[in-house]
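Participant: Each chain, letter by letter, is given below.
There are 2 protein chains.
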Amino acid sequence: MTATSEDRRPDGSEARVVPVFFLSDSTGISAETMGNALLIQFPDLHFERRLIPFISSVEEARKVVEILDAAAAGPVTPLAFSTTALTEIREELHKSVCPLIDFFDLHMSRVEATLGVPGMRVAARLHGMGDVQRYNQRMAAVEYAIEHDDGQSMRALDIADVIIIAPSRCGKTPTTMYLALQYGLLVANYPLTDDDYPSDGLPSTVAKYASRCFGLTTTPLRLSQVRHERRPNSTYSSLSQCTLELRRAEDLYRRNRVPFLNSSTKSVEEMSAVIMQSLRLRS
Amino acid sequence: MTATSEDRRPDGSEARVVPVFFLSDSTGISAETMGNALLIQFPDLHFERRLIPFISSVEEARKVVEILDAAAAGPVTPLAFSTTALTEIREELHKSVCPLIDFFDLHMSRVEATLGVPGMRVAARLHGMGDVQRYNQRMAAVEYAIEHDDGQSMRALDIADVIIIAPSRCGKTPTTMYLALQYGLLVANYPLTDDDYPSDGLPSTVAKYASRCFGLTTTPLRLSQVRHERRPNSTYSSLSQCTLELRRAEDLYRRNRVPFLNSSTKSVEEMSAVIMQSLRLRS
Numbered sequence: 001m002t003a004t005s006e007d008r009r010p011d012g013s014e015a016r017v018v019p020v021f022f023l024s025d026s027t028g029i030s031a032e033t034m035g036n037a038l039l040i041q042f043p044d045l046h047f048e049r050r051l052i053p054f055i056s057s058v059e060e061a062r063k064v065v066e067i068l069d070a071a072a073a074g075p076v077t078p079l080a081f082s083t084t085a086l087t088e089i090r091e092e093l094h095k096s097v098c099p100l101i102d103f104f105d106l107h108m109s110r111v112e113a114t115l116g117v118p119g120m121r122v123a124a125r126l127h128g129m130g131d132v133q134r135y136n137q138r139m140a141a142v143e144y145a146i147e148h149d150d151g152q153s154m155r156a157l158d159i160a161d162v163i164i165i166a167p168s169r170c171g172k173t174p175t176t177m178y179l180a181l182q183y184g185l186l187v188a189n190y191p192l193t194d195d196d197y198p199s200d201g202l203p204s205t206v207a208k209y210a211s212r213c214f215g216l217t218t219t220p221l222r223l224s225q226v227r228h229e230r231r232p233n234s235t236y237s238s239l240s241q242c243t244l245e246l247r248r249a250e251d252l253y254r255r256n257r258v259p260f261l262n263s264s265t266k267s268v269e270e271m272s273a274v275i276m277q278s279l280r281l282r283s
Numbered sequence: 001m002t003a004t005s006e007d008r009r010p011d012g013s014e015a016r017v018v019p020v021f022f023l024s025d026s027t028g029i030s031a032e033t034m035g036n037a038l039l040i041q042f043p044d045l046h047f048e049r050r051l052i053p054f055i056s057s058v059e060e061a062r063k064v065v066e067i068l069d070a071a072a073a074g075p076v077t078p079l080a081f082s083t084t085a086l087t088e089i090r091e092e093l094h095k096s097v098c099p100l101i102d103f104f105d106l107h108m109s110r111v112e113a114t115l116g117v118p119g120m121r122v123a124a125r126l127h128g129m130g131d132v133q134r135y136n137q138r139m140a141a142v143e144y145a146i147e148h149d150d151g152q153s154m155r156a157l158d159i160a161d162v163i164i165i166a167p168s169r170c171g172k173t174p175t176t177m178y179l180a181l182q183y184g185l186l187v188a189n190y191p192l193t194d195d196d197y198p199s200d201g202l203p204s205t206v207a208k209y210a211s212r213c214f215g216l217t218t219t220p221l222r223l224s225q226v227r228h229e230r231r232p233n234s235t236y237s238s239l240s241q242c243t244l245e246l247r248r249a250e251d252l253y254r255r256n257r258v259p260f261l262n263s264s265t266k267s268v269e270e271m272s273a274v275i276m277q278s279l280r281l282r283s
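From first to last, the protein sequence lines are chains A and Z.
Using the working numbering, the first residue of the first sequence is number 1, and each one after it goes up by one.
Using the working numbering, the first residue of the second sequence is number 1, and each one after it goes up by one.
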């Protein structure tokens with residue numbers, strides 16, 4: 001975040017740094033998501049991002065306009081993304097000379113026309129608690145995930161929505177946490193070790209829940225690097241051991257028709273989306 | 001998700017259930033965020049949501065159009081939200097008779113005009129790994145959060161970005177996980193117990209990191225309910241004990257100028273946004 005408005009490129013030319021603002025009457029999570037989904041299409045540009053959340057009054061909006069106008073007086077035209085819903089605050093923000101992409105403005109009338117009723121146009125807390133029951137389910141899922149991380153507890157495994165199985169350091173934990181926190185799924189994870197391979201079937205602990213198992217794999221090189229950070233120069237982190245474990249794990253998945261994913265090329269968000277899709281197809 | 005197209009209301013009238021589709025060439029997280037930010041403005045309507053992620057070819061888009069058109073032949077006009085970037089896939093989706101809110105279409109040209117360069121218009125993985133260094137930081141932060149959950153480890157507390165302190169069951173863990181997973185912050189949390197109150201200062205373990213501490217509180221009734229689920233009819237879950245602990249914790253925060261939040265009315269997303277904002281102001 002220490003970028004200046006001009007960055008020197010390797011070839012000596014100067015790359016513009018575009019000031020970008022995310023404006024919201026709430027957390028700003030939607031404004032950031034929407035704005036970044038567009039900005040990712042400009043990989044050659046540099047952006048200096050600033051989030052201004054919780055804009056809840058016209059007076060606050062006026063201060064934001066001052067910030068935007070100050071940025072607009074600089075050498076590079078800034079860009080602002082807003083998800084603010086309140087009409088009077090939106091109108092205030094539009095007074096700025098800074099180009100403003102107003103997600104609410106452009107789509108709301110279209111959605112209203114399709115649905116045939118007017119939207120409330122109030123500051124709505126999309127990332128607030130919302131449905132309290134669903135919110136509490138997500139919080140309970142985080143606890144369940146921590147309790148069941150890395151095969152620590154086999155209690156209440158029967159109520160798990162998903163059991164992620166994989167050799168140590170293939171990315172089970174972050175994927176587990178993401179599914180719990182975002183979707184309120186009860187996710188356990190179980191580390192495959194050398195003891196689990198002699199038999200043809202799944203480890204006895206998870207065998208009866210085979211239809212809810214999901215496997216992870218990665219590349220031997222990547223696994224060896226990640227394990228090396230934990231235990232340098234050990235058998236555990238050696239390339240030969242990693243190659244062997246991954247081959248055995250993949251054999252196990254295939255033999256038992258457990259769907260699996262390679263975590264070396266997919267983010268936790270992408271793996272979670274695939275796991276959710278697979279659950280829908282299997283249920 | 002078992003809603004039919006007509007729901008009976010308490011007054012005997014029928015509430016329409018609007019079929020809603022989220023279409024994406026990637027995970028669909030952005031399409032859901034954007035669509036739901038608009039739909040939350042229609043609290044009286046019922047929506048039957050369906051996510052169709054990973055639409056990666058014109059052929060797949062054609063199948064999606066069939067699904068949309070089938071829904072459009074039903075009694076209630078459906079609504080589709082798309083974040084697909086590829087022009088040929090977008091054009092295919094627009095062939096459906098279903099009203100389509102195309103987030104990409106409407107904003108991209110505006111952003112291009114402001115930035116003065118054309119966007120790539122490729123299927124970009126906003127929720128992919130992206131910046132690998134930043135991605136690895138997020139994954140490492142999840143591990144750090146688990147290691148430091150509930151005061152389990154005081155190792156490497158000096159590198160924590162935030163230390164969340166609160167009495168047991170005030171919501172430390174989910175907030176910790178959210179900050180780690182979404183923002184890659186190193187977050188430890190420390191449970192305040194009766195032992196921590198006799199002194200006027202912060203508990204010795206966290207005292208030297210006071211500027212990075214953030215407190216949580218809640219209402220005595222809420223705390224009592226949540227604790228009751230864990231240990232029914234105990235002193236721990238009694239209203240008097242909860243009232244006492246919360247009063248002492250809030251005194252501690254005030255005396256030591258530790259900013260704090262009430263978790264009974266704020267979601268983890270909202271608390272995280274406030275904590276992030278406070279860190280920016282304090283740094």
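Mixed in with the good hints there might be a few duds.
[Stated by the list, open to error] Per the computed footprint, the stretches of chain A lying under chain Z, defined by three or more beta-carbons under 8 Å from a beta-carbon of chain Z, are: (1) 73 to 84; (2) 91 to 103; (3) 133 to 147; (4) 188 to 197; (5) 205 to 216; (6) 264 to 273.
[Stated by the list, open to error] Output of the computed footprint for chain A on chain Z, the stretches with three or more beta carbons under 8 Å from beta carbons of chain A: (7) 56 to 68; (8) 92 to 105; (9) 119 to 130; (10) 135 to 146; (11) 163 to 174; (12) 189 to 196; (13) 260 to 272.
Honestly, the hints are just simulated from the structure, not real lab data.
The beta carbon of each residue, even a glycine, is placed where N, CA and C say it ideally should be.
Participant: Now, for every hint given, state plainly whether the structure supports it.
Facilitator: Going through the hints against the structure:
no.	hint	in the structure
1	73 to 84	holds (count 3)
2	91 to 103	holds (count 3)
3	133 to 147	holds (count 6)
4	188 to 197	violated (count 0)
5	205 to 216	violated (count 0)
6	264 to 273	holds (count 8)
7	56 to 68	violated (count 0)
8	92 to 105	holds (count 4)
9	119 to 130	holds (count 11)
10	135 to 146	holds (count 6)
11	163 to 174	holds (count 3)
12	189 to 196	violated (count 0)
13	260 to 272	holds (count 7)
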